[in-house]
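If you want the building blocks of each chain, they are given just below.
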Amino acid sequence: MNATTARDRPQPILVMHQVRGGYGDADILQGVSLAVMPQEIVVIVGPNGAGKSTAMKAVFGLVRIRSGAIVFDGEDITGWSPDRIVRRGISYVPQVDNVFREMTVHENLEMGAFLSKGDLSAAFDRIYALFPDLKAKRHALAGDLSGGQRQMVAMGRALMLEPKLLLLDEPTAGLSPKYMQQIFQICRDVRDSGVSILLVEQHAKQALAFCDRGYVLATGANRHEGSGRELLEDPEIAQMFLGG
Amino acid sequence: MMEFLNFYVVPGIVTGSVYALGAIGITLIFGILRFGHFAHGDLATSGAYLALGATALLGLTPWAALPVAMVLTALLAYGIHRLFYRHLESRPKILTVIASLGIGMMLRSIVQVVWGVDPLAYGSGIARAQAFGPLMLRPREIATLALTLALVAALLAFLRYSKWGKAMRAMSDNPDLARLCGVDNDRVTRLTWFIVGALAAASGFCLGINTELTTMMGWSAMLSMFAAAVLGGVGRVEGAVVGGLVIGLAEELSVLLVPGPYKSATAFVILLAILLLRPQGIFKGKVL
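Protein chains in written order, with the numbering used here: chain R, 1 to 244; chain G, 1 to 288.
Pulled out of the complex, with its shape left as it was, chain R reads as follows (with noise of 0.2 angstroms):
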């Protein structure tokens, strides 16, 4: 056993169970399954059209789900709407426009504390230690920004409800190995302040080298899983879209 299965704890915070389900007619997801830990990073990669942004909407209510269980801190969370399951303690950054572009930084953030009534002062401190870049242009246009601190803003935002699960959709899409590197090093900061995360990536050997542990889908359905190490040193995922 290594290091990765010493840190797991019993309970899961994020189970989903043999889920089907898609958009329209046809069902992108033939039945995935996995599990996230209490502050675990886990990465799903895959070949394009694998479906692995579907996986990751579906436990966020954006998917239609026909078949299989979503189960979130204990509870079945499946067929939720989006903000019930914001209240419940999961966010969600989409790859693209996730950021109100028109809006400064600072109202950014304070759009993803939009559920809460209290005072928000200990969360804008938090979320500027996480970020330091971010408390600079506070006052910057999102839109203005570059790609790098945009994702920041994005994750920033997703944080200050103070999730109990974050879910990433390609956070380093576009973005130079500089950014993804510190996008990967505060994914981890993240983690180790207590919260889990699931993320979708492009970048598969990266993001198997940093992550606790991953899954490869392949056409809609689990075909591999272990720990971030486990998957790269495998010949046949290697084969399969690692290129070798």
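Do not rely on the hints blindly, as some may be mistaken.
[As the list claims (entries may be wrong)] Cβ pair distances, simulated, as ranges: (1) G/259 <-> R/23: 57 to 65 angstroms; (2) G/185 <-> R/192: 32 to 40 angstroms; (3) R/117 <-> G/153: 24 to 32 angstroms; (4) G/272 <-> R/189: 49 to 57 angstroms; (5) G/93 <-> R/117: 30 to 38 angstroms; (6) G/150 <-> R/117: 29 to 37 angstroms; (7) R/23 <-> G/185: 18 to 26 angstroms; (8) R/24 <-> G/87: 22 to 30 angstroms; (9) R/135 <-> G/150: 32 to 40 angstroms; (10) G/128 <-> R/139: 47 to 55 angstroms; (11) G/153 <-> R/71: 50 to 58 angstroms; (12) R/147 <-> G/93: 29 to 37 angstroms.
Quick caveat, the hints were computed from the structure, so don't treat them as lab data. The C-beta atom is built at its ideal place from N, Cα and C for all residues, glycine as well.
Since the structure of chain R is already known, use the hints to place chain G on it.
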């Protein structure tokens, strides 16, 4: 110079204020609800006549009747949404656009049935203009400008600082993300119609008190209001204000260059030019 200021610039700014108040509504509806609202002119007409009704029934002065008309028109706008537009929400937006044309006709017809088709006025008597240096301003002109300034300032402050104002901006900016943040779509829509209806009433009232009340007044002014909204940048409140003033001034000043009957074509020329040359408008709004 004095003649230029008093006969062209002052009326231009007054007309521009009327357009600005209307254009704000058009731009908010386009930004948040994503359709061109062609009943907007007639909503303004309704507001103007509701104020007239309040002066007659409640014995109020015209300016005291305005708040009553604003509230009633806000309710009217929301009612129209509930009765008609809401049922088309999941359909292509062009259906709502066409429906709004029909709603406009309906509102105009109701006004004609109730108040007749002859021009009316809020009150009789000639208002004497006061001199402010070289400027000659009538009290109703001063009041129109003050009202416009106050309403715009209040709206901008609301959008900038209040929780639901920010929610409206968020919905205009990125509706999917706003929903992910837990913003209640219905509540933002309701709020938008209340604000838009109240402003439309103010616009129609100002037009009526500075000229006269006719059942076609809003319909005739609507092209200029749309031009103002597009010129300022669709979705931009401050743009609608600037656009309204520019269109109002341009219409009044056009008389210096072309015969009077072409006045109302000015807005159309500006609208075409802005769509061709800078479709995002002065303030970088949404591209139609």
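Right, here's what the structure says about each hint:
1. G/259 <-> R/23: 57 to 65 angstroms: Given about 58 angstroms between the Cβ atoms, the range holds.
2. G/185 <-> R/192: 32 to 40 angstroms: holds (36 angstroms)
3. R/117 <-> G/153: 24 to 32 angstroms: holds (28 angstroms)
4. G/272 <-> R/189: 49 to 57 angstroms: Between residue 272 of chain G and residue 189 of chain R, where Cβ atoms are some 54 angstroms apart, the hint holds.
5. G/93 <-> R/117: 30 to 38 angstroms: holds (34 angstroms)
6. G/150 <-> R/117: 29 to 37 angstroms: 30 angstroms Cβ-Cβ, so the 29 to 37 angstroms window holds.
7. R/23 <-> G/185: 18 to 26 angstroms: Holds, since residue 23 of chain R and residue 185 of chain G (Cβ atoms, about 20 angstroms apart) stay within the stated range.
8. R/24 <-> G/87: 22 to 30 angstroms: holds (23 angstroms)
9. R/135 <-> G/150: 32 to 40 angstroms: holds (36 angstroms)
10. G/128 <-> R/139: 47 to 55 angstroms: holds (49 angstroms)
11. G/153 <-> R/71: 50 to 58 angstroms: Roughly 51 angstroms apart at Cβ, these two residues keep to the hinted range, so it holds.
12. R/147 <-> G/93: 29 to 37 angstroms: holds (31 angstroms)
No hint from the list above goes unmet by this structure.
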